[in-house]
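My request is simple: use the sequences and hints to build the entire structure.
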Amino acid sequence: MNKKYLQNFYNQYKVFDFLHTIRQCGIISFWIFLSVLFTTSSSLLVQEYPGKVRQYTHTIEFDYVNWTFDAFWQKFLQSSIRLEDYLPEKQPSGIVREYLRSVRQISQLESQINVIYADPKITDKVAAAKSYQLQLDQFNAYKKQLAPYAESTLQSQISTILSENGLTLIGQPIPPVLYHSTPLPMALIVSPRNKIQQDANISLLADMTAGDMAALEDEVMKNLNVSALVVPIGGVGIYPTMVMSTSDLSFLAETVAHEWTHNFLTLRPLGINYETNSDLRTINETTASIVGTEIGKQVLKRYYPDLLPPESEISTQDTTSDTSNPQATEPEPFNFRREMHTTRVQVDKLLAENKIDAAETYMEQRRQFFWDNGYMIRRLNQAYFAFYGAYADTPGGAAGTDPVGPMVRALRKQSSSLAAFLNQISMVTSFDQLTRMVDNPPAG
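The sequence shown lines up with residues 1 to 444 when you count with the UniProt record's numbering.
I should point out that these hints are in silico values taken from the structure, not numbers from a laboratory.
Model, not experiment: these values are computed from the prediction.
Every residue, glycine too, gets a C-beta built ideally from N, C-alpha and C.
Just to be clear, a hint being listed does not mean it is correct.
Unchecked claim - Label pairs and their calculated CB-CB ranges:
#, residue 1, residue 2, range
1, 269, 172, 41 to 49 Å
2, 346, 435, 22 to 30 Å
3, 172, 349, 47 to 55 Å
What follows is the structure, given as structure tokens:
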């Protein structure tokens with residue numbers, strides 16, 4: 001980053017300007033209100049978790065309060081400076097690209113260091129990793145320097161796309177788009193064994209090892225007779241939004257928009273009722289996924305067109321191959337979504353017949369099948385489907401035959417615009433209400 005842009009700021013910015021002070025006080029008050037609102041919402045969810053589960057997690061739970069206020073302070077400083085105003089017109093997207101390059105380089109260096117420490121032939125591992133560690137430290141410092149500029153730029157770009165989609169009030173998304181990339185907490189998902197239902201979702205420390213996860217799962221399952229799974233997450237819809245650090249801009253843009261949608265819905269009936277039942281949770285998550293995907297693609301199309309995936313690749317990911325042609329001679333490529341859909345349907349059938357042990361044996365067999373085909377699923381159980389089945393923005397996959405996702409997609413299809421869809425579904429408080437909306441679309 002050229003220092004002259006920051007120098008311009010320090011030379012021109014009038015800290016004691018009265019009008020500016022009034023404006024900043026307003027921003028502080030508004031952001032504090034939103035931060036408390038979303039943090040309080042998250043805290044209430046934690047207090048509602050079954051106490052029997054939390055006895056195993058209370059010492060390793062993620063601290064949302066401290067994270068939120070630290071992120072809030074950083075975002076306030078960014079807003080005060082308006083970093084994007086001190087970049088040349090054509091440079092903001094370049095800053096984002098450079099930030100992503102640094103993230104990618106950090107990942108590669110960490111991988112190289114891990115290989116050194118895992119190689120039994122290398123005796124002096126510290127010496128062998130020294131040059132890589134030095135580079136890693138430099139890139140981490142570089143990434144930290146770039147992060148405020150990259151985040152401010154992407155926030156501004158997503159806000160522009162939201163505005164063009166009619167999702168703003170007086171030109172401003174409410175709440176404003178704010179995110180911070182950070183190591184994300186893990187999530188402990190708990191489901192009953194006799195049915196697929198998320199009974200608990202507890203955020204845990206980000207640095208858990210695979211061994212830590214397995215040990216916690218085993219302890220919870222053994223002592224409480226439930227299904228449990230620790231899963232990674234891509235983002236958390238607190239405020240500012242928490243988003244994982246990634247070099248994949250498509251994923252990043254979609255995730256920021258996805259989590260902003262949760263913030264949007266939290267101020268409306270659908271989001272307020274997120275934890276009321278599994279149907280409303282699925283409606284929330286599927287809605288956020290639909291909005292995130294559409295906004296994310298528009299951001300790439302506008303600002304980073306060279307990073308858009310080919311249409312043929314998108315089609316392949318979103319559709320299920322036709323297997324009815326008896327003349328086909330070449331074996332089909334492995335279709336993860338189709339196979340996972342098949343798995344979920346059979347598991348639901350076995351559980352409905354109260355064949356719990358048979359369902360769990362089947363899931364382990366299928367897990368090994370997925371593993372053999374390149375999908376390294378650590379544990380496939382009821383908790384897996386309870387978590388991943390709620391994201392039903394595309395057909396098939398872990399949602400199985402659950403009608404909620406298709407109904408949300410049907411409402412989007414018949415809506416005249418993304419804004420019309422989001423504003424309408426944000427008022428939903430039950431699956432029956434959503435069904436009536438789809439069955440009785442507004443005239444004209």
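Hint check:
1. 269 with 172: 41 to 49 Å: 22 Å, violated
2. 346 with 435: 22 to 30 Å: 26 Å, holds
3. 172 with 349: 47 to 55 Å: The hint (47 to 55 Å, Cβ to Cβ) holds, given that residue 172 and residue 349 are roughly 49 Å apart.
Violated hints amount to a single one, hint 1; each of the other numbered hints is respected by the structure.
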